[in-house]
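In the order they appear, the protein sequences are chains D, U, G and S.
Numbering of the first sequence is given in the numbering used here, commencing with residue 1 and proceeding in unit increments.
Numbering of the second sequence is given in the numbering used here, commencing with residue 1 and proceeding in unit increments.
Numbering of the third sequence is given in the numbering used here, commencing with residue 1 and proceeding in unit increments.
Numbering of the fourth sequence is given in the numbering used here, commencing with residue 1 and proceeding in unit increments.
To be clear, the hints were calculated from the coordinates, so they are not data collected in a lab.
Be a bit skeptical, because a hint or two may be false.
Stated by the list, open to error - Per the computed footprint, the stretches of chain D lying under chain U, defined by three or more beta-carbons under 8 Å from a beta-carbon of chain U, are:
1. 23-29
2. 80-86
3. 107-121
4. 206-218
5. 239-247
6. 272-283
Said to hold, decoys possible - Part of the chain S face toward chain U, derived, beta carbon under 8 Å:
7. Ala67
8. Leu76
9. Leu77
10. Thr272
11. Leu290
12. Met300
Ideal Cβ placement from N, Cα and C applies to all residues, glycine included.
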Amino acid sequence: MTATETRGHDGHSGRSDTAVDMRTTLGSAEIPSPVLTASGCSAFGRELEPFVDLTAIGAVVTKSVQLRPRSGRSTPRMAETPSGMLNSIGLQGTGIDGLLTEELPWLAERGVRSFVSIAGTRVEDFAELAERLRGVPGVLGLEVNISCPNVESRGEVFACDPVAASDVVSAVRAAADPAHPVYAKLSPDVTDIVSVARAVSDAGADGLSMINTLLGLVIDPDTMRPVLGGVTGGLSGPAIRPVALRCVWQVHQALPDVPILGMGGIRTGLDALQFVLAGASAVSVGTAVFNDPSAVARVHDELAAALGERGFTSVAEAVGYAHR
Amino acid sequence: MTATETRGHDGHSGRSDTAVDMRTTLGSAEIPSPVLTASGCSAFGRELEPFVDLTAIGAVVTKSVQLRPRSGRSTPRMAETPSGMLNSIGLQGTGIDGLLTEELPWLAERGVRSFVSIAGTRVEDFAELAERLRGVPGVLGLEVNISCPNVESRGEVFACDPVAASDVVSAVRAAADPAHPVYAKLSPDVTDIVSVARAVSDAGADGLSMINTLLGLVIDPDTMRPVLGGVTGGLSGPAIRPVALRCVWQVHQALPDVPILGMGGIRTGLDALQFVLAGASAVSVGTAVFNDPSAVARVHDELAAALGERGFTSVAEAVGYAHR
Amino acid sequence: MTASSHPAEMAISVGLLTAPAPRAARAPVQRTVEVIGRRPVDAYVELTLAAPEIAERAQPGQFVAFAVGGDTSALLLRRAIAISTAEDGVVTVVVSAAGPGSTWLTERQVGDTLDVVGPLGRPFPGPPAGARALLVGGGYGAAALVGLAVRLRAEGHPVDVVAGAAAADRLCSVQELIGIADTVAVTTDDGSSGRQGLVTLAVDELLPDAGVVYACGPMPMLRAVADAATAHGIPSYVAVEESMACGIGVCMTCVLPIVGEDGRTRFSRSCTEGPVFGGDRVRFADVGTLPWDVVGADAMGVVQP
Amino acid sequence: MTASSHPAEMAISVGLLTAPAPRAARAPVQRTVEVIGRRPVDAYVELTLAAPEIAERAQPGQFVAFAVGGDTSALLLRRAIAISTAEDGVVTVVVSAAGPGSTWLTERQVGDTLDVVGPLGRPFPGPPAGARALLVGGGYGAAALVGLAVRLRAEGHPVDVVAGAAAADRLCSVQELIGIADTVAVTTDDGSSGRQGLVTLAVDELLPDAGVVYACGPMPMLRAVADAATAHGIPSYVAVEESMACGIGVCMTCVLPIVGEDGRTRFSRSCTEGPVFGGDRVRFADVGTLPWDVVGADAMGVVQP
Ligand SMILES: Cc1cc2nc3c(=O)[nH]c(=O)nc-3n(C[C@H](O)[C@H](O)[C@H](O)COP(=O)(O)OP(=O)(O)OC[C@H]3O[C@@H](n4cnc5c(N)ncnc54)[C@H](O)[C@@H]3O)c2cc1C
Ligand SMILES: Cc1cc2nc3c(=O)[nH]c(=O)nc-3n(C[C@H](O)[C@H](O)[C@H](O)COP(=O)(O)OP(=O)(O)OC[C@H]3O[C@@H](n4cnc5c(N)ncnc54)[C@H](O)[C@@H]3O)c2cc1C
Ligand SMILES: Cc1cc2nc3c(=O)[nH]c(=O)nc-3n(C[C@H](O)[C@H](O)[C@H](O)COP(=O)(O)O)c2cc1C
Ligand SMILES: Cc1cc2nc3c(=O)[nH]c(=O)nc-3n(C[C@H](O)[C@H](O)[C@H](O)COP(=O)(O)O)c2cc1C
Ligand code: FES
Ligand code: FES
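Next up, chain D with everything else stripped away, as it sits in the complex (with noise of 0.2 Å):
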């Protein structure tokens, strides 16, 4: 290499030349590539726009919202952990009305299909989000955040209850526009995640998205004590991965017909192509994208060409393969 830059991470770089068709669906909504952003991991995808052709990828997913503003937790938010991280943001943000007037406008006008992840801590809560996201304009669907405490069952997080979870889905659905496909995000802090992916889908989620992340604790040596502001935080990075994979191999092979969204850990096209060959129809790249902001857009070329070495011609051939 000479004393120059060389261009190795451009994300705007020509997608490589091959003959895979990449197109794949959430739910009902087609998308021309299987990798999109994670929610909260890409906020509301302005900051990636010179890293990457937003209008390229899946969907940007955007950060969980809810009805008001919200500040988020105190600082430290975050810890980095062997080959991940812990955060606890705390879902900042500016509320529904932000998301309708500043950001939701910003990306259609674009031509940025956004995926809509909506949080909150009651039921009638999220079905009032499904409710305004009514035919906004670049909506493609609904991610429903319910790795969020119920204040109504003494601050139990939804997802770790199947009955809870499937309230929530069932009143999204309801609320939701018809057009709008609804996934329910698990957690995988259960001890059954079949049992709660099967609620879910019973009650109308029209895909999974899998996992969020999982429940970690960090202990600063210095301070001698938890070193995040809410004390437990989110752990997600390549170190969850064979946890992700495991999550969505199971529900995969109990529900072969659910779609699911793949996540966790996904750095690398090979990384994608484990998940979609243990049955993610699409995949979320989440905390990759900190180490590299390009990492959406790179991920679909290597994916791309893993699959077109691999004899597939369409990334709809290789969901599930590992389980024939």
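Based on the hints, put chains U, G and S with the ligands in the right spot on chain D.
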């Protein structure tokens, strides 16, 4: 450094000259060091002899033994993952007879303390193992590996059901040598680890070992099938440390009087310190031994130094300190 | 105004001395760049990078973010490092070996390549016309002021510099700054170089003549300098150093309680709304807490006491 | 005996040609050692290490295990590499850049240090008195035979060597072996060096004169060579390469179905009961399966068909 070998990793080197009292207990059993091996990660101790003074460590926690000899699963049995690994050994071993005639006498002759891990697929198996270990020289106590499928409950893992877990623990407590503390080893793959901890401690567990591996999966991008012969496997190593610490933290918070043997990704003295501060009164070093065969002795030394630097005069003072 | 008072109300009643720092002129790029120079300087290592596309975009106060640890790294997050100088296609940074990531950076050799994103963050806003500028650097924070000093002098502003550190070997870029600034004062906590004491010793003397203050260094120093400037009615800009997961504005880990133009406090991202903030806009005393009057604190269950 | 027959029964009825390889004379050590030589050789990199305590303990057939990736590594497991030669305090290894760990090893430079454990595993047992020895190496597997060839020649045994590989650039240690052995035959799959074909081409011709066979290389090659030797009634020893998590015998990841002295098959650890096994003791066809007649298979629910 000159072109000669340095002795940077010699487990036999003198312990750091610190005033910290490193004695602790496993239930009623006193041990001179809070650092132990982890079940299945140091076999029965013999192979570590070239690297570690086995009589100086807390105890050798032996590979889980069952009643009969077991071949274990077919290979491949491991997959490396980011900052961790998956294993699916399938509890290969010569059974309780082999343990009693070969391994435990070898350890006892040398004055090495053993903490014997037992496993089974029926409650009676566990009880019989505990019974056969009564009064065996050198045995300090029992660790009950309940992360095994319960043949009487369609293969559901004992550790994932508070009732099944309690059944095993109370049967073991009843059958075991009264002088043997009984530790129940918990799985992190549950919705509510505190409820399992409470159930087994109510059932008579003298302490808790936390955590066993997380269920994971890796797909080989070349064969496009799961890497492991056993399809899924157990995830261990630094990757899972934040999850392990969170489990120890939650359980110590809820049950401050129940002793905890902490484990999961411990590699250095500062890692061990985090577990102690979170509430563990002793720790096991597992996967890190594969990286560094002298890890158990090194972690003892580093922990002693770290405690000393922070002004602790004994490890006991630091247990649970992060909650204060 | 002291940081522990209620700036939200004060801002509305009395106004603040600074405007929020505006965005940088150009967007960042991601490049693999070559290390073309490496120079240990006391406790630090200065790395020189052939990075023309970053150099041409960079403005004083901005930073870059390096991937660390190489292909087999367990360290997932980039490390943010302030740009010291950026000219003629070359970017210079000064790195202190703190933990594993920064230590790895200091071990890079000439010919090695680095994956870098930058320039990131908002630059220091320009000073009031004709104002004398006081630049205050703590530890390696002084490095981030070199490019600024050059620009200010080129624009005709008189520049005074105060560089402070715990000890002589933790001072940084003093030679460079002496070559640029009108005056350079040095303080060390232990007196091993310059005057013994904190930077405020020198800052208090120079403040009366200053029209604007720029500071980069550890939080307690920034707080002291900003408070002193504000007390004198002088606008100050501080470049903060907050733990960052992404560096580009997408993760929300790096927030500080910052008073906005409307006088309300928000948790603002130090990577994209900073790292340069008006010194009177950072609620230093509230860092690490969740004050009730931060926008959206009510939704977190925090109520006005 | 072919590998797909029932060796357990055969062993009892007809006996095997080999005894299990005995343990090494001395225990391993763990040391930080310096790289004192680095030489790219075609597709491989030969590293020379100043490692006197390992060199003085090592016997042909043993291996070492390196920690890889440095202080910030996400690769937790050591990489097993066969010892090529060990004399005068110096250990030589030949590394092929396969994945991230071995690639990192091939990138080490003179002056770098490596954390290494060794010597590990059981060495090749000595040959019958006066026997002519046939050594068969596949790819970098030939490197592991260099030390063995030296010892056998020093003990007065005639030594024939067959070195094979996919292509010329994947051959290994041929020059060294030519300097030691009586004859050296080379085969490549593509004919780019020596005869075109598999090692068995040359092995079949040399077997009639051999009193013992030693082999190191990929599993299919070991299987073919062991089968051929057994068919000729000649004892063979193979050094296998099985995925290892610990390398020292504590994890049970590296097992193969091996016929024991009592004729029963057990899952034996290739790190401590191997890597050298009698060629007629490895049930090659059953690798990766759980045959019903492996000791303890019944407890896994596998029953005799
Ligand atoms: C805008 C900005 C500019 C900076 N400029 C410089 C500079 O010019 N020279 C220099 O030596 N350092 C600078 N730093 C600090 C540098 O980023 C940290 O020292 C470095 O990230 C520590 O990483 P580590 O792996 O060595 O330490 P660790 O403590 O192991 O890091 C663990 C995690 O915490 C984060 N972290 C730890 N300390 C800091 C810190 N002080 N600030 C921010 N994040 C931290 C790391 O980025 C990492 O994610 C700057 C930081 C910021 C935010
Ligand atoms: C006894 C023994 C002797 C060996 N001698 C040599 C030698 O002299 N020269 C040489 O280049 N290589 C040798 N190998 C193979 C070498 O260990 C692997 O190529 C290397 O571990 C691959 O690691 P990686 O990170 O590059 O690949 P990855 O495929 O990323 O490794 C992932 C994991 O699988 C394991 N693994 C992958 N391939 C192999 C393999 N072929 N054998 C064993 N484990 C593997 C790795 O150790 C690691 O744990 C030997 C292996 C064994 C068991
Ligand atoms: C900083 C951060 C913020 C996150 N915020 C959200 C969020 O708002 N909503 C949500 O559903 N998931 C959130 N997640 C979880 C991710 O979307 C993703 O499920 C998880 O991180 C696993 O994927 P990864 O390993 O690729 O990051 C967040 C993750 C991180 C690291
Ligand atoms: C190869 C391997 C084998 C294991 N075997 C057992 C076992 O037999 N019994 C048991 O209770 N735990 C077993 N474990 C789990 C460990 O004891 C430990 O709980 C877990 O690995 C987490 O600790 P670590 O990250 O330090 O390895 C095994 C782990 C590994 C990696
Ligand atoms: S570091 Fe991610 S938003 Fe600032
Ligand atoms: S590699 Fe661990 S037992 Fe062989």
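(request) Verify the coverage statement for the segment 239-247 of chain D against chain U, using a C-beta to C-beta distance below 8 Å and requiring 3 or more qualifying residues. (result) n = 7 at 8 Å, threshold three: holds.
(request) Test coverage of the segment 23-29 of chain D by chain U using CB-CB distances below 8 Å; three residues minimum. (result) violated (count 0)
(message) Quick check: do three or more residues in the segment 80-86 of chain D have a beta carbon closer than 8 Å to a beta carbon of chain U?
(response) holds (count 5)
(request) Go check the segment 107-121 of chain D versus chain U for me, would you? Three or more residues, Cβ under 8 Å, otherwise it fails. (result) violated (count 0)
(request) Count the residues of the segment 272-283 of chain D whose CB lies closer than 8 Å to any CB of chain U, then report whether that count reaches three. (result) As far as the segment 272-283 of chain D goes, the hint holds, because 4 residues have Cβ atoms under 8 Å from chain U.
(message) Hint S:Leu77 vs chain U: min CB-CB distance below 8 Å?
(response) 5 Å, holds
(request) With chain U as the partner, please determine if S:Thr272 meets the hint condition of a C-beta pair closer than 8 Å. (result) 7 Å, holds
(request) Would you check whether S:Leu76 satisfies its interface hint, that is, whether its CB is within less than 8 Å of any CB in chain U? (result) With a closest approach of 5 Å, the S:Leu76 hint holds.
(message) Would the hint on S:Ala67 be counted as holding, given a Cβ-Cβ threshold of 8 Å to chain U?
(response) Result: holds, 6 Å to nearest chain U Cβ.
(message) Restraint: S:Met300 near chain U, CB-CB cut 8 Å. Satisfied or not?
(response) With a minimum Cβ separation of about 6 Å from chain U (threshold 8 Å), the hint on S:Met300 holds.
(request) So, S:Leu290 near chain U? Judge it on the closest CB pair being under 8 Å. (result) 4 Å, holds
(message) Is the listed coverage of the segment 206-218 of chain D by chain U valid when you require three or more residues with a beta carbon under 8 Å from a beta carbon of that chain?
(response) holds (count 5)
Hints 1, 3 from the list above are not met by this structure, while the remaining hints are.
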